[in-house]
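Participant: Listed below are the residues making up each chain.
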Amino acid sequence: NAGVTQTPKFQVLKTGQSMTLQCAQDMNHNSMYWYRQDPGMGLRLIYYSASEGTTDKGEVPNGYNVSRLNKREFSLRLESAAPSQTSVYFCASSDLLSNSPLHFGNGTRLTVT
Amino acid sequence: AQKITQTQPGMFVQEKEAVTLDCTYDTSDPSYGLFWYKQPSSGEMIFLIYQGSYDQQNATEGRYSLNFQKARKSANLVISASQLGDSAMYFCAMREGQNTGFQKLVFGTGTRLLVSP
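Chains as they are written, first to last, in my numbering: chain S, 1 to 113; chain P, 1 to 117.
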């Protein structure tokens, strides 16, 4: 089982460029999430999708858009990248049980210069 | 106010000893869930243990146990018999409210654990 797969693993962008981070899960989970991790700040929720067809803002949504393409796939788009978006991005998924943990992908390290 | 507070930026422990990583949380919701994750230097996030607010007993998973003190709003992770492979960053996280089908977790800033031979 692949679990949660994120692409790419690394990316360098110039300020103003756009890109889409891809995420797919093969665990038939309903919910998917995008987090960013910055040094000393833990993980912060950017957007989440409770189920196919719905998306909602998390704690730090500014500068990002998301698409829940189908049950498996949840993408994160940076329309005009800024240096403040330099971070490690994690996609995660979970099922419906109350004790269900988030299953994370391996992360995308993004640098914006 | 911080929802999750991990006051120990770094901890050191010798191999085979036990170590406690602190986590306090802040919520007024009677229903919540607490999670611990491990992040090794390779970067992946590994789920360790879960405690629900209504669980009567402290959660245990192998060498991991959760010292859950509800009145003090603390959920400390105890690792028994530390191993070199336990060296990693450890995150405490909380879901507030009933699980309505998704888990919006709020994470602490983490504690870096170093296990020495």
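Among these hints, one or two may not hold up.
Computed beta-carbon distance windows for the label pairs [unchecked claim]:
#1 S:S80 to P:A18: 28 to 38 Å
#2 P:E15 to S:N65: 21 to 31 Å
#3 P:F47 to S:T7: 15 to 25 Å
#4 S:L97 to P:K70: 18 to 28 Å
#5 P:Q14 to S:R109: 42 to 52 Å
To spell it out: a stretch of chain P is covered by chain S in this simulated footprint if at least three of its residues, at any positions, have a beta carbon under 8 Å from a beta carbon of chain S; those stretches are [claimed, not checked]:
#6 11 to 17
#7 71 to 81
#8 105 to 115
Since the hints were made in silico from the structure, they are not lab data. All C-beta atoms in this analysis are idealised placements derived from N, C-alpha and C, irrespective of residue type, glycine included.
Participant: If a hint holds in the structure, say so; if it does not, say that too.
Facilitator: The hints, checked one at a time:
1. S:S80 to P:A18: 28 to 38 Å: Given about 50 Å between the Cβ atoms, the range is violated.
2. P:E15 to S:N65: 21 to 31 Å: violated (47 Å)
3. P:F47 to S:T7: 15 to 25 Å: holds (22 Å)
4. S:L97 to P:K70: 18 to 28 Å: holds (21 Å)
5. P:Q14 to S:R109: 42 to 52 Å: Once the Cβ atoms are compared, 33 Å apart, the range 42 to 52 Å for R109 of chain S and Q14 of chain P is violated.
6. 11 to 17: violated (count 0)
7. 71 to 81: violated (count 0)
8. 105 to 115: holds (count 6)
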